[in-house]
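These protein sequences, in sequence, are chains C and F.
Everything in the first sequence is counted per numbering that gives the first Met the number 0, starting at 0 for the first residue and increasing by one.
Everything in the second sequence is counted per numbering that gives the first Met the number 0, starting at 0 for the first residue and increasing by one.
Please note: incorrect hints may appear among the correct ones.
Identical copies carry no separate label here, and so any pair may be met within one copy or between two of them.
[Said to hold, decoys possible] Calculated cross-link-like contacts (lysine-lysine; reagent style PhoX-like; alpha-carbon spacing at most 20 Å):
1) K169 / K201
2) K232 / K96
3) K169 / K6
4) K48 / K65
The hints are simulated quantities; they were obtained by calculation from the structure and are not laboratory data.
Protein chains: 2
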Amino acid sequence: MISKSMKPRVENSSAIRAMFEEGVRMSRLYGAENVYDFSLGNPNVPAPKEINEAIIDIVRNEDPLKVHGYMVNAGFDETREAIAESLNKRFDTGYCKDNVVMTPGAGLAMNTVLRSILDIDDEVIVFAPYFVDYANYVSNYHARLIEISPNPEEGFMPKLDELREKINKKTKAVIINSPNNPTGAIYSEKVIRDLAAVLEEKQKELDTVIYIIADEPYRELVYGDDVVPFVPKYYDNTIVCYSFSKSLSLAGERIGYVLIPPESDNAEEFTSAVIIATRISGAINAPSLIQLAIIRCLDAKVDIDFYAKNCRELYDGLTEAGFECVRPQGAFYLWMKSPDPDEKAFVQALKEEHILVTPGSAFAGPGYVRFSYCVSNATVQGALPGLRRLGKKYFG
Amino acid sequence: MISKSMKPRVENSSAIRAMFEEGVRMSRLYGAENVYDFSLGNPNVPAPKEINEAIIDIVRNEDPLKVHGYMVNAGFDETREAIAESLNKRFDTGYCKDNVVMTPGAGLAMNTVLRSILDIDDEVIVFAPYFVDYANYVSNYHARLIEISPNPEEGFMPKLDELREKINKKTKAVIINSPNNPTGAIYSEKVIRDLAAVLEEKQKELDTVIYIIADEPYRELVYGDDVVPFVPKYYDNTIVCYSFSKSLSLAGERIGYVLIPPESDNAEEFTSAVIIATRISGAINAPSLIQLAIIRCLDAKVDIDFYAKNCRELYDGLTEAGFECVRPQGAFYLWMKSPDPDEKAFVQALKEEHILVTPGSAFAGPGYVRFSYCVSNATVQGALPGLRRLGKKYFG
Numbered sequence: 000m001i002s003k004s005m006k007p008r009v010e011n012s013s014a015i016r017a018m019f020e021e022g023v024r025m026s027r028l029y030g031a032e033n034v035y036d037f038s039l040g041n042p043n044v045p046a047p048k049e050i051n052e053a054i055i056d057i058v059r060n061e062d063p064l065k066v067h068g069y070m071v072n073a074g075f076d077e078t079r080e081a082i083a084e085s086l087n088k089r090f091d092t093g094y095c096k097d098n099v100v101m102t103p104g105a106g107l108a109m110n111t112v113l114r115s116i117l118d119i120d121d122e123v124i125v126f127a128p129y130f131v132d133y134a135n136y137v138s139n140y141h142a143r144l145i146e147i148s149p150n151p152e153e154g155f156m157p158k159l160d161e162l163r164e165k166i167n168k169k170t171k172a173v174i175i176n177s178p179n180n181p182t183g184a185i186y187s188e189k190v191i192r193d194l195a196a197v198l199e200e201k202q203k204e205l206d207t208v209i210y211i212i213a214d215e216p217y218r219e220l221v222y223g224d225d226v227v228p229f230v231p232k233y234y235d236n237t238i239v240c241y242s243f244s245k246s247l248s249l250a251g252e253r254i255g256y257v258l259i260p261p262e263s264d265n266a267e268e269f270t271s272a273v274i275i276a277t278r279i280s281g282a283i284n285a286p287s288l289i290q291l292a293i294i295r296c297l298d299a300k301v302d303i304d305f306y307a308k309n310c311r312e313l314y315d316g317l318t319e320a321g322f323e324c325v326r327p328q329g330a331f332y333l334w335m336k337s338p339d340p341d342e343k344a345f346v347q348a349l350k351e352e353h354i355l356v357t358p359g360s361a362f363a364g365p366g367y368v369r370f371s372y373c374v375s376n377a378t379v380q381g382a383l384p385g386l387r388r389l390g391k392k393y394f395g
Numbered sequence: 000m001i002s003k004s005m006k007p008r009v010e011n012s013s014a015i016r017a018m019f020e021e022g023v024r025m026s027r028l029y030g031a032e033n034v035y036d037f038s039l040g041n042p043n044v045p046a047p048k049e050i051n052e053a054i055i056d057i058v059r060n061e062d063p064l065k066v067h068g069y070m071v072n073a074g075f076d077e078t079r080e081a082i083a084e085s086l087n088k089r090f091d092t093g094y095c096k097d098n099v100v101m102t103p104g105a106g107l108a109m110n111t112v113l114r115s116i117l118d119i120d121d122e123v124i125v126f127a128p129y130f131v132d133y134a135n136y137v138s139n140y141h142a143r144l145i146e147i148s149p150n151p152e153e154g155f156m157p158k159l160d161e162l163r164e165k166i167n168k169k170t171k172a173v174i175i176n177s178p179n180n181p182t183g184a185i186y187s188e189k190v191i192r193d194l195a196a197v198l199e200e201k202q203k204e205l206d207t208v209i210y211i212i213a214d215e216p217y218r219e220l221v222y223g224d225d226v227v228p229f230v231p232k233y234y235d236n237t238i239v240c241y242s243f244s245k246s247l248s249l250a251g252e253r254i255g256y257v258l259i260p261p262e263s264d265n266a267e268e269f270t271s272a273v274i275i276a277t278r279i280s281g282a283i284n285a286p287s288l289i290q291l292a293i294i295r296c297l298d299a300k301v302d303i304d305f306y307a308k309n310c311r312e313l314y315d316g317l318t319e320a321g322f323e324c325v326r327p328q329g330a331f332y333l334w335m336k337s338p339d340p341d342e343k344a345f346v347q348a349l350k351e352e353h354i355l356v357t358p359g360s361a362f363a364g365p366g367y368v369r370f371s372y373c374v375s376n377a378t379v380q381g382a383l384p385g386l387r388r389l390g391k392k393y394f395g
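Extracted from the complex, chain C is given alone in its bound form (with noise of 0.2 Å):
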């Protein structure tokens, strides 16, 4: 009944789901105070006050006609002005509004980059460790993900020789995602710059289009002085796949938009297959009451102190206790070596401290472990003695 393409994926769901269950159990064993679980990324910082007044002004006072109607499948004309102008005000842009076009989260907005893009057996490159769910959006339209394998004597930066080798006629895009999940790494001007160059090299080569697709949910989440090059001002054919899930905390809303510069290759062409594929994903158009509430909220911020504080002290006990990690400069996440090269094994010796984290694997990025600090302090304050024991274990 499931179809072969389904089957896999349930099959794998189980085992995900059967970790999800074990920290609602060891949760009810021994108090959920007591269990320190770094293994989500769900937004733990509330949104800006703004939003919420944002909503309750425009649900008194404007048509809900319009407010809860649909519009045209791109989005509201205001909300991706908003955008386009906000954009430009950051990066020196000329964009206007028809450059963008609102989609239910990142998420969605990369599917509909990969629905325009992809025929049966086309090919998307990824730099290992990635986001699993890359895998599923391109199977979901019969094409393959290539993962280009970690760098991690480079700090996770991308392959780019292996990448040469791996781009054939089939090569249709490029994933890259800084602030990236599951590193927090991110990618330099220069690692922006010598990537570009090689897919100029091998666009010429081929004569054929290879996009980058930008996947941008995490890049308003810097800690230090560290700058996100905005991808487009390097290579023309970017396309940007923005969510405000983290920049405003608003994960559940599901509110993103794609960004289809001018001056990539067939822009308009592109641009409206990107609506149409929003289309016909059933999702017909971003949700319209938070369209309208964001356009007032594109200064906003959340509270990132607060991951960066998690972030100084997580980074801070794990690598006094002796652990090699790479330190996070963005997102909301740490990226470490697992001590025992089984990193499942690892993983389940934290378990017996409470600690539950993501194994590597889950990222194509075996012998590593992935913690989410988008947790309480107190989560990182209690699994402190834990990772100090076993680091005492592992290290003598």
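Given chain C, work out where chain F should sit, using these hints.
Just chain F now, kept in the frame of chain C:
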């Protein structure tokens, strides 16, 4: 750059946009009040006041991390529980939350079901005329939509002999839509029983599972004494795709659900697949705030008398002018035989009277036109003189 699969859809959409732009152009030229646009399906009765009251109360008084945050991909437990209870009360069923998966509207609901069951070249059957995006939904997964020809002799009820002939080993589902877009017809209990009998027979003969996908965005829009049978009562392998778009005038908010009855084959695995499909579509979950709001509005109703009045006046006006119409029983569409066998020429003649309708060929129903009467009553009244003039022209 655009996929081969997307290309024809982009070309086709230019035609739709041209029609839309023609409406805008005419409004500018003659004044909006002198153009009678029956071409769109956007609800024009406001959402019941309970919705906005619920939104304001939730935003004011509940935890923003819950209101705007991720929940399990299937949706909030309390929303699914409330929907299951509401169905149990109305249809004397025994559902629980685990039988319901919240989705961003019925369109995405259908896509999650199709993603769960379709492999490349599988087949889905539909009765013409039908909502054209069914073809696109099926194309998303490289499967084939198989049409059963229209049945004007019997009020556009399903042609069951043709259905029987066209079912084969590759047939995974039959889509039905009652009340129907575009015909406004409701499938009676007898029709559903006869359809179920054919499918039971074929399931046995071919030793396969054939689902009915009941697309039910118009369930609550019924004008006379007609009853919309609850399809799972008649056929175990029925999957219901429901939307609150029309019943609560929330079309822009994208809120609906998939109901997988426990009586259906392998219901538990199928439910897992639909939940995963919701996640990997990129939609992740139905929008969170509106999921919480509808809990309080399941018994609320939009003012369907408004549609009923438009329906009556339009139907009476058209039949008095000599046109042959299917009497609308539900939804907000009126399906009328074109007096010119080339209905596109007739659409043109209507346009000269400043009346905009959709040609039947857009629904695989050539020779007919569709009026959407979710318009102001002034639009109906304003169109009647022109319709009478055309009646005289065609019928003397």
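Under a CA distance limit of 20 Å, which applies to K169 and K6: within one copy, between copies, both, or neither?
Classified as between; 17 Å across copies, 26 Å inside a copy.
Under a CA distance limit of 20 Å, which applies to K232 and K96: within one copy, between copies, both, or neither?
For K232 and K96, the Cα distance is within 20 Å only inside one copy (18 Å; across copies 48 Å).
How would you label the pair K48, K65 (within, between, both, or neither) given a Cα cut-off of 20 Å?
between (23 Å within a copy, 15 Å between copies)
Checking K169 and K201: alpha-carbon separation at most 20 Å within a copy, between copies, both or neither?
This pair counts as within: shortest intra-copy Cα distance 12 Å, inter-copy 41 Å.
Of the hints listed earlier, there is not a single one the structure fails to meet.
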